[in-house]
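*Asks:* Each chain, written out:
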Amino acid sequence: MDCDRFRELLPGLLAQELAADAAAFAERHARGCGACARELVQHRRTWQLLGVLDDGEAAAAPVRLEQIAVVALARAGEPEGADRDDTAPAVAAGRVASIELLPRSRWRSPWARAAAAALLVASTAFVTRWWVTRVPTPAFLGEPEFITHFELLRDLGELDRGGVLIDLDDELTALDALRGA
Amino acid sequence: MPQATGDDCADPGQAWMLAFQRGDDAAFTVLVRHYGSRVIAFFRRAGADPSAAEDLAQEAFLRVARARDRYEPTAKFTTWLHRILYRIALNDATRNRWRRSIGIGAGRGEIDAGGSDGSGGSRDLPERVAAADSLPVHELAQAELREQVRSAVAALPEPQRTALLLHRFEERSCEEIAETLGLTVPAVKSLLFRARDNVRRRLAPLLGDDAGGDRDEVRHGL
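Chains A and B are the protein sequences, given in the same order. Every letter in the first sequence is one number past the one before it in numbering that gives the first Met the number 0, and letter 100, counting from 1, is 99. Every letter in the second sequence is one number past the one before it in numbering that gives the first Met the number 0, and letter 49, counting from 1, is 48.
The shape of chain A in the complex, shown without the other chains:
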């Protein structure tokens, strides 16, 4: 069958690797066969269509590439089994730019998760204390720790609007109510 022969030749035809007579056969067949013509045209259009992925790929910001280089250098000496997503050690060592310099869209990256986790751990003791007592005194509300924690939770909640890291809605509502009281 000519269609079977055409399909055998199609990869070579698309790669422009067919001998002249084979290519002529394939082209001639496609001109007379709707199904094979469709397949050939769709293949060629697919190749063209892939070109849309060339558009809109702006070069990465130089500052971001610098960060990639610095983090890679900083972490290159770590054991390879370490969590590859965790860039916290480099951040902690001050060898990479502060995460506050990054746009907020970056907060869903591993940097953000590492930083957010560190902040949450740092405030765990305070949260536990507050949730256990549940009835803070006015003096307690005025403590710097409380204010710092409140601001921290509010910022985290804002950065993590999708609730990916932690659901802070209830806690923020309660803190807001307390603070407003």
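Simulated from the structure, these hints should not be mistaken for lab results.
Residues on chain B that point at chain A, a partial pick, calculated with CB under 7 Å:
1) Ile39
2) Gln57
3) Phe60
Every value quoted in this text rests on a predicted model; they were computed, and no experiment measured them. Don't be surprised by glycine CBs; every beta carbon is placed ideally from N, CA and C.
Assemble chain B onto chain A, guided by the hints.
*Replies:* The following block gives chain B in isolation, referenced to the frame of chain A:
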């Protein structure tokens, strides 16, 4: 400043890597600046969202840095780098992250790319709507088209996806791809055709279905 600029070498990546091996950290930074955007673009085309693509590029260059002592310039630097990208693409955890990040099924003409968790991409719906509202119609259509093509490519199994990306966008020859993937040249040719065919099938609704018109296009040599 790096001791090796790469300008005087046929393979600048190799020169920078060797300088890095000799202790020149600045050469590594130059290398990342030179190849970083291409690496990020590779992962973007493979289906990762911008943030995930940067994370994956970070991982790629971390592997480059870790290879400092054992690097040997036996192949073109890009072939060696592409091998790293391919290994990352093969990594199951990484692959799952990609699949979470691609916006499969977004917009009209949904494409079932498979493997989606149905989340509709990494952005929340209001964010997507807001972003769409800010674009002129033709740009919106272009962006939507791009996402559909990206999803079709992202759904390819490895090593089809890497082979297609290297051939179509990095202009790598079948021989170079064979070296990168550890396959024979005929195997790469077969792989490329299957990749192209799979993408064609997934994008078929966008490619038209007019047998008569297609015969005309063949006659006129599209």
